[in-house]
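There are 2 protein chains.
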Amino acid sequence: MLKVCKFGGSSLSDEEEFKKVKNIVRSDDSRRIVVVSALGKRNSKDYKVTDLLYLTYQHLKYKVDYSELFMQIKNRYLQIEKDLQIQADLEKEFGQIEAKIAEGTISEEELVSRGEYLSAKLMSVYLGFDFVDAGSLIHFDYDGKVDEKETLKSISEAAANHHNLVVPGFYGSYPNGKICLFSRGGSDVSGSYMAKGSHADVYENWTDVSGFYMADPKIIENPRRIKEISYAELRELSYMGANVIHEETILPLQDEGIPLEILNTDHPEEGGTLIKKETPDKTHLITGITGKKGFIALTFLKAKGADKLESILSVLNVFKNFEIPIEHIPTSIDSFSVVIEKSKIEEKFYDIIAELKKLPDILTISEDDDIALLAVVGRNMVKKTGTSGRILSVFGQEKINIKLIDQGREEINIIIGISNADFNKSVQALYQNFSGEKI
Amino acid sequence: MLKVCKFGGSSLSDEEEFKKVKNIVRSDDSRRIVVVSALGKRNSKDYKVTDLLYLTYQHLKYKVDYSELFMQIKNRYLQIEKDLQIQADLEKEFGQIEAKIAEGTISEEELVSRGEYLSAKLMSVYLGFDFVDAGSLIHFDYDGKVDEKETLKSISEAAANHHNLVVPGFYGSYPNGKICLFSRGGSDVSGSYMAKGSHADVYENWTDVSGFYMADPKIIENPRRIKEISYAELRELSYMGANVIHEETILPLQDEGIPLEILNTDHPEEGGTLIKKETPDKTHLITGITGKKGFIALTFLKAKGADKLESILSVLNVFKNFEIPIEHIPTSIDSFSVVIEKSKIEEKFYDIIAELKKLPDILTISEDDDIALLAVVGRNMVKKTGTSGRILSVFGQEKINIKLIDQGREEINIIIGISNADFNKSVQALYQNFSGEKI
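Line by line, the protein sequences give chains A and B. Residue numbering for the first sequence follows this note's numbering, starting at 1 and increasing by one per position. Residue numbering for the second sequence follows this note's numbering, starting at 1 and increasing by one per position.
Incorrect hints may have been included.
Since copy identity is lost for identical chains, a pair holds within one copy or between any two.
[Said to hold, decoys possible] Distance condition first, Cα-Cα at most 25 Å in a straight line; then the derived DSS-like pairs of lysine-lysine:
hint	residue 1	residue 2
1	Lys304	Lys276
2	Lys3	Lys149
3	Lys399	Lys383
4	Lys304	Lys358
5	Lys399	Lys276
6	Lys320	Lys308
7	Lys383	Lys293
Worth flagging that the hints you see were computed from the coordinates, not collected in a lab. Quick caveat, the model's predicted, so the values are computed rather than measured.
Sequences and hints are given; from them, build the entire structure.
This is the structure:
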């Protein structure tokens with residue numbers, strides 16, 4: 001039995017959090033691979049170390065004195081080292097970083113990566129685990145894509161050579177050995193590769209929440225926790241709503257079917273959300289309700305006699321040329337719409353409209369920029385005929401106007417477009433009607 | 001006041017029908033332009049003259065004796081001429097056609113067009129109206145598309161030069177004067193151009209039904225007649241369901257907002273369906289229920305990391321290259337479907353799948369070939385919030401599984417995919433629940 005445990009910044013903010021981590025790791029012998037983030041906030045007014053490191057680099061870039069800022073970072077690590085009464089040689093580590101800064105040879109990526117590096121140094125000494133640098137495990141190509149084959153090989157070897165180990169999250173190395181970062185939040189993804197490469201039985205992602213909720217706690221008071229969910233459902237939920245984990249976390253786990261568990265470092269006894277390949281929860285009708293505001297729908301009326309498919313293709317090609325991702329393409333007989341996230345089109349909006357107006361296949365273009373998309377997710381919906389109808393009838397009861405519906409083959413998920421102003425009310429109505437329903 | 005009246009083949013099948021036509025035309029002085037089809041069936045075992053003419057041409061082509069077949073056609077026209085006791089010189093007309101056949105100089109299009117030509121000759125003498133040949137009014141370019149400018153000019157002149165006139169439907173001429181046909185049923189379109197070119201106040205389309213019904217009378221016993229409908233709604237209804245009028249009929253009328261009335265030659269007193277630019281019926285929630293069986297949905301799961309828009313484009317381009325029209329593109333997060341009429345893909349199915357399987361963006365393709373599409377049409381639906389939900393909840397009540405839903409911006413129409421086996425049951429359930437509902 002092997003568990004890979006990743007601890008996020010909030011689980012590493014001070015001495016107390018480090019102690020909680022040690023208790024968690026020590027309570028289960030199979031927790032032999034630990035991935036850590038940089039130090040997080042100790043309270044709501046505090047800073048994340050990663051943010052401070054980015055800011056330090058900006059100081060270097062504009063040649064503004066960074067010493068006070070860098071001292072804040074240094075003090076946080078040294079304080080924890082002192083409080084935990086361990087010898088992690090952090091003074092020496094900071095000396096090396098400062099020397100590189102002084103030489104002007106440190107890249108932004110390398111400087112920022114030191115947050116995770118120093119966390120891992122501290123944690124490895126504190127746990128008595130081996131330290132293994134992420135630069136020797138996670139291999140990127142020069143485009144910044146993970147070289148999965150090399151990465152899994154290195155991880156597999158490290159897992160064989162070390163009984164237990166701590167590895168920094170968030171980074172790896174280019175083929176020339178220089179540091180390369182994942183996108184923000186990427187320590188989750190580091191953990192996924194560690195789990196895959198070491199053939200772990202489970203990947204535990206320890207954070208400051210006890211898993212996922214059926215709906216946004218900002219909209220629903222005390223929403224029900226999702227105890228078990230499938231990869232696919234999670235991806236659908238996180239695609240449209242707030243992310244607890246990095247979007248790319250699931251991909252490496254899927255191939256080997258490694259379950260991912262989201263757990264709370266402050267309340268391990270609460271349990272969390274278990275994410276598996278197959279839908280594990282066979283009881284609840286719907287798994288979650290999510291969504292996002294701020295979409296726009298452009299509706300195209302095709303010209304007399306124009307071919308519908310060709311009209312759609314010519315419109316989609318304009319969006320492709322402008323590199324605008326599109327979400328939905330509701331089609332009617334002589335018209336079709338394209339639904340886009342507003343923030344992704346705003347900057348180029350007038351240029352795109354000008355291009356679209358040139359298309360000979362299109363007669364008119366109309367616009368509705370007040371669209372929120374809601375997704376009701378649940379693999380069990382397909383088992384209960386009529387679920388779509390019942391979900392949609394809630395909108396009628398609440399007098400909420402539906403702007404668009406997209407439901408693909410079978411009732412696996414249903415996406416509903418409404419006015420932004422109706423968003424919270426819709427989530428509340430759906431939650432009230434369906435959160436407790438069993439199949 | 002000017003009315004253009006088009007009479008279909010069923011209104012021209014024998015002496016009795018000609019008399020009904022005369023009564024209708026004579027009862028209203030504004031009915032000054034009459035468009036006629038070829039003779040239709042006198043009973044269910046009879047033949048349409050147009051079918052017999054096509055068959056005659058096949059005899060010529062394969063050099064098989066056609067004389068008996070042609071005699072049947074000739075006798076039908078001569079019998080009506082005799083029964084009506086008029087002198088339309090049809091013997092001479094048939095002589096000219098037979099001479100051309102003997103010379104081998106008659107084209108298929110010209111031979112087939114003689115059905116309408118002879119009907120118009122007979123009708124013009126019987127009504128005492130001028131005969132004007134369609135070849136001099138409806139002008140096609142060499143691609144078989146109507147040259148609208150020339151056509152409307154010729155019609156406008158003819159309407160000015162003749163107090164009243166009869167014109168054959170279904171055909172016109174190429175720039176070189178040779179006969180060119182509309183697609184089957186195209187006499188409806190001839191009438192539309194006559195109405196537009198003559199600036200008619202209304203275009204009456206006389207046939208054997210008293211207009212359109214809310215649902216197919218083969219599925220619903222005595223469905224409610226649609227008394228008034230907008231062009232757009234009619235197009236939506238006829239696109240998906242059985243056609244009473246030729247699909248292209250509406251287009252010429254739209255620009256000038258000329259209303260079209262579908263009336264019954266056998267029961268003019270019943271009234272019919274009036275089709276106008278704006279939705280005229282402000283009382284009923286839904287205008288009609290229609291649909292078609294025999295669709296297939298192909299669902300594409302995009303490859304890890306592939307761009308959704310690029311994946312959709314690459315798939316749609318394959319369909320474009322094979323000239324396959326597509327109906328809907330339901331989109332989810334990592335997958336999307338393409339819905340196609342089965343009959344339009346069947347022949348090339350395996351070639352298309354082979355091409356689609358080559359696409360690097362696509363991981364898997366799955367297929368559901370048991371889809372019927374239902375459309376609920378009605379411009380008034382948008383005025384009553386919650387209509388979509390109520391419509392869809394009917395499927396739940398009836399335990400009918402919904403395979404897909406496509407509803408574009410606002411609740412103008414909603415398209416629902418179900419199993420073919422559930423089609424009639426669905427239409428019946430929707431009709432029962434909504435046919436009588438007022439807004």
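Do the hints match the structure? See the list:
no.: 1; hint: Lys304 - Lys276; result: between (50 Å within a copy, 18 Å between copies)
no.: 2; hint: Lys3 - Lys149; result: within (21 Å within a copy, 77 Å between copies)
no.: 3; hint: Lys399 - Lys383; result: between (28 Å within a copy, 11 Å between copies)
no.: 4; hint: Lys304 - Lys358; result: within (16 Å within a copy, 34 Å between copies)
no.: 5; hint: Lys399 - Lys276; result: neither (37 Å within a copy, 30 Å between copies)
no.: 6; hint: Lys320 - Lys308; result: both (18 Å within a copy, 10 Å between copies)
no.: 7; hint: Lys383 - Lys293; result: between (29 Å within a copy, 24 Å between copies)
The structure shown violates just one earlier hint, number 5.
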